[in-house]
Amino acid sequence: MKFDIVGKRYWFFLLSAIVIIPGLISIATQGFNLGIDFTGGTLLDLKFSRPVTVTEVREALKEHQLENSTIQLAVSEQVESSPNVFIRTHVLSDDERIAVLEGVEKSLGSFETLRVEKVGAVIGEELTKNAIFALLISWVLMIAYISYRFEFKFAVSGIIAIAHDLLLVLGVFSLLHKEIDGSFVAAMLTIAGYSINDTIVIFDRIRENLKAQPKSETLAHVVNHSIWQTMTRSIYTVLTVLFATAALYFFGGETTKNFSFALLIGIASGAYSSIFNASQIWFTWKEYEQRQRIAMKTGGSK
Amino acid sequence: MRRGNLTKFLVTVIAIIAVFGYYILPLATSIKQGLDLQGGTHVVLEAVDTPEAKVDEDAVQRVVKIIEKRVNEIGLTEPIIQRQGERRIIVELPGIKEPEKAIQMLGKTALLEFQDESGTTVMTGKDLKDAKAEIGQNKNSVVALEFSSDGAKLFGDLTAKNVGKHISILLDKKVLTSPVVNEPIPSGKAIITGSRTIEEAQELAILLRSGSLPVKVEVLEMRTVGPSLGQDSKEKSKVAFSIGIAAIIIFMLLFYRLSGFVATISLLLYVLLLLLGLKMLNATLTLPGIAGIILSIGMAVDANVLIFERFKEEHRAGKTLRAAMDAGFSRAFATIFDSNITTLISAAVLFFLGAGPIKGFAITLGLGIVLSMFTAITITKFMLRMLMHTNVFKNGKIFGA
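So the protein lines, in turn, are chains D and F. In terms of my numbering, the first sequence opens at residue 136 and continues consecutively. In terms of my numbering, the second sequence opens at residue 60 and continues consecutively.
Just so you know, the hints here were simulated from the structure itself, not pulled from any lab data. Ideal Cβ placement from N, Cα and C applies to all residues, glycine included. Treat the hints with care, since some could be wrong.
Stated by the list, open to error - Beta-carbon label-pair distances, calculated as ranges:
id: 1; chain 1: D; residue 1: Glu260; chain 2: F; residue 2: Ser301; range: 35 to 41 Å
id: 2; chain 1: D; residue 1: Asp230; chain 2: F; residue 2: Thr180; range: 22 to 28 Å
id: 3; chain 1: D; residue 1: Pro218; chain 2: F; residue 2: Glu259; range: 31 to 37 Å
To be verified - Capping the alpha-carbon separation at 25 Å, the derived lysine to aspartate or glutamate pairs in DMTMM-like fashion look like this:
id: 4; chain 1: D; residue 1: Lys313; chain 2: F; residue 2: Asp397
id: 5; chain 1: F; residue 1: Lys224; chain 2: F; residue 2: Glu277
id: 6; chain 1: D; residue 1: Lys288; chain 2: F; residue 2: Glu294
id: 7; chain 1: D; residue 1: Lys182; chain 2: F; residue 2: Glu294
id: 8; chain 1: D; residue 1: Lys264; chain 2: F; residue 2: Glu277
id: 9; chain 1: F; residue 1: Lys440; chain 2: D; residue 2: Glu343
id: 10; chain 1: D; residue 1: Lys241; chain 2: D; residue 2: Asp229
id: 11; chain 1: F; residue 1: Lys185; chain 2: F; residue 2: Glu172
Only chain F is shown next, with the shape it has when bound in the complex (with noise of 0.2 Å):
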């Protein structure tokens, strides 16, 4: 009966920290890495009206398909393009090598061209009023154009010269499409077979107006941080973790002993279960978002210190151990919940109303919070109740009352 009960509690501890070293790293390391520890760059644009063009929903959808282009065709591995509020684009570029290169690119305004087989440019965006995707007359999908009145005369004549001919369609100066020439076509409106799904139809259309009504872009923000500083604040913010973790296990061994030991394994359990919820949570690990880790550290500890402390009392008081700690978990649960809640009424507006990295801090910060009271207040105490029901430690001191 002893015995079994010792051996549960030695099981469960060995089975956290065997845990805990075999999967905190892999863990930690597979969480995505904001831009502030992996190095790239971070952009914010801004659609702004021009004399030809207003913003509106359409403008802001084609901006955003051409940057999505124009960001696929520098092949990084995982850029966030992201509108945000009505006008505002977010481009996030990971380990980009040349960052103002791309940041020129991305900012340029789109040109659209349409050239001849020789290659000379003979019409630009300008000539070109619209363009749509629709269904054409054998239910393919087709991209329908229509021109200026100074756009269907040019038009008129390259159709005129290039029958049976390619002509090319570029956008920044990248062929989007080279159709055949069927026939001369002076009406203003043509017609662009060949997509394939209806969906295609509508992106090349989505290009070619966002060549034909170029809304400006600016760029608002911008903030680019180096591979080596990412390095190492990587670096630093591991070493700055460990001191901290070991700083509280040692006090907490110092002045909790037995009860202290238990905490420390809850703690590390939290560690664990917070790195897990952040990943299934597929949150982005932020600068900030670890020293939210860190601070919600030594945050989790106050639940078991407050439980501690009221376990004390209530020994003094003259309860026995098994009374006296379970008086201080239903005593303490009271103030753990109510000290807790206001903290995650700061987390949660931080949250909705941060931007960025700050969001990433709120995040760490709120999970922090709600695993922290499950840990201390179920964890520690399953531990404990454990390890009085051996009846091995008769001595209060040795729980650290």
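Next comes chain D alone, as it looks inside the complex (with noise of 0.2 Å):
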């Protein structure tokens, strides 16, 4: 027999958790990154005509007094100086905005105007309020779904490990400190969606192989036999997906970067977490339950 991953069930939780773990600590002390889409604010992404600092740039925005906002390079190396900068203010009005951008033209020189972005806080409440019930909705409709066509118990391991790999990416998010904007909450449901597709996948050949099977093979060997059948299919599929994310996340644009990151994660998290975590969540709950009702039974002929 080939390695028992439901034998070793109780490993893969533990690494899981030592996975996701850091990431909730970060969570709760240092929070995330919020975009301006979420929080409210005006994002100025400029192109100088020479490489600038972030202390040059802080030093022009004192006159507004702006020097607390965040202003960043856009670079991924660790470089001091870069002429694309990201400068993210609180909401400023149509005039303040003008008046701060002529302000930088004096101090820094020339530059282009990439992107200006301003959005309220309005605005960004309703982004949070619209992700969190997309999120819920998804879930519901993918419960009432799988428990249609298989059962509840494993609609409710599906979308515990759809919960790990969000957790997971989350965590990253938070110890990274990686901004968390609009596009987050596509990469979000997309990497729900990837994960309940892998799990169900898993799930399809268990419900296939309890129907054909013989009495005398146990249910972890029905379990463990399923995962390995699909084993190849689990690693070519993430293979192509993860393929096709990373030339978004190298070769695609500075904007589609933090989605194509968060994608990254989460679907490596979301095969590991539909081969190594969700079948062995519904096992468990079933021989828990089978458990119980001999110990019922056993009670009740005492």
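Relying on the hints, combine the two individually framed chains into one complex.
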């Protein structure tokens, strides 16, 4: 028999916990780096004709009392200066914004405006509300569908696996202090969609094998066998999807970097949770139920 | 017989490759591009109450009209002005040169002025109480004006001094209409003739009302993407797309050989159909949308992988190539169906709850799932069957088994 994934399930649960818990601690202590899509505010994405440093930009913003704004260089490497700078401030009125841009030009030289965004606080609140609402609705619908096609326990196990993936991504974004913007919501829902897709393939095989199961085979054996039967597919599929996402991350535009980063982690985690967590949760639940039933019976006969 | 099948197969392959090579670029570029790709400004405005006027349906309609008028004066190719909810208006200005100026202009409160022939402003919007389109006595379309009590006096004065002359009504310093005064009008009620249709009269009435009862407009959200960033995003997306698809194709060929080749061909068809579908739905291609396409290609492969893995299993269990392939398709179908429906659920939720660019992403993802099921199940199957019926390839290895 191949490696016993089901038997070793507590080790895999432990591994998941080890990976997720630091992120949860980070979420609890330092929270998220929420972009203006959520908090409201003004974003200026400027490309100067010469490289500038964060200190220089902060100095230039001082005369507008904006020195406490978030200033980032648009490069992933640790360098001192870059022509491309993101500035994130509280919501500036149109007149204020024009004044700031003029002031920056005066002290730092000419620049090209790559992006200017202004999001009112109301919009941010709506986005947060909608995001949570969207996630819950999609979960309810998924539970309904999976309960209908499979059984309720599969549905809940699948959703727990999704929660695993989303928590991991949220944790990593909190730990690395990466910005969370509107497209992050889309990334989260895509990850949820991918993770459940991946899980269902294994559940489907368990369902099929249970039907053809000889009496002598244990449930653990069936689950283990099903996971191994679908293993090649699980690996190939996650690889192709990761190829696509990695291409997006490494070669796509700057504005979709965080989006594809979330997808990269989430999809890898989705594949992991499908293989090592979802059906094991289902199995643990089933087994617990069986033990309860036996306990009831023996209890009754006494 | 054998030859015939092989020829059919080759013709199908060449046809799909040729159509792909020829149409992919024109098709991709003909889909409407979002502001994040072509550059431009996206503004969400909200009408807010002022002491003089409360926001109601009519007020928002007036604001929409006046914004349409202002936007049209900029002279952009495809601006979009759209109501969203009760009080909001979305304005998209593709390729706008001076976004700051345009935003200031959009948010300005409407200014209505009545001027005499010499160009002196005699009255303003606050003197006008109402303006309505009506059918006049001679069955012609007219705009009926009603002035406030102060306005009635001023207007009486203005008309008395200008009988036989033009007076001008201006909105935002631009002449809306300059009717000729036929007689002094002291009653505070006047009629402007000269509208050709009732729609034209209505349009004029709305614009007059928008100056008489101006509600304030606030910019809730504004996003401007400069043209160079848009261009840069487009270029990079093309590169990411090519590399992503190339990696997947190489992978499929390495692991599934001939079956992988067939899957690649149906993948090409899938991309074509997806773009065609987006074009037919009149969808706007945004950066997240492109991400959705690239991602969906990765997922489209999944259906093929499921089928091929099942095929390998069945073949290993002792079935002939053909029987194994058929079993692979029919057994994998239930799996593909169930797993894709759950993903479709998230795409649907994104579509109904998401805004703007996220909606675009949801459309590509959802459409992608449906189309990938179609191409994997029908096209791949059709081509593989043809290939197996040629009897040229008898070794399971060449199909990846």
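Hints, verified against the model:
1. Glu260(D) with Ser301(F): 35 to 41 Å: For Glu260(D) and Ser301(F) the Cβ distance comes to about 40 Å; the hint holds.
2. Asp230(D) with Thr180(F): 22 to 28 Å: holds, 26 Å
3. Pro218(D) with Glu259(F): 31 to 37 Å: Since Pro218(D) and Glu259(F) have Cβ atoms about 52 Å apart, the given range 31 to 37 Å is violated.
4. Lys313(D) with Asp397(F): Status violated; Cα separation ~34 Å.
5. Lys224(F) with Glu277(F): Distance of about 39 Å is beyond 25 Å: violated.
6. Lys288(D) with Glu294(F): violated, 47 Å
7. Lys182(D) with Glu294(F): holds, 18 Å
8. Lys264(D) with Glu277(F): holds, 22 Å
9. Lys440(F) with Glu343(D): At roughly 23 Å apart (the allowed maximum being 25 Å), Glu343(D) and Lys440(F) satisfy the hint.
10. Lys241(D) with Asp229(D): holds, 19 Å
11. Lys185(F) with Glu172(F): holds, 9 Å
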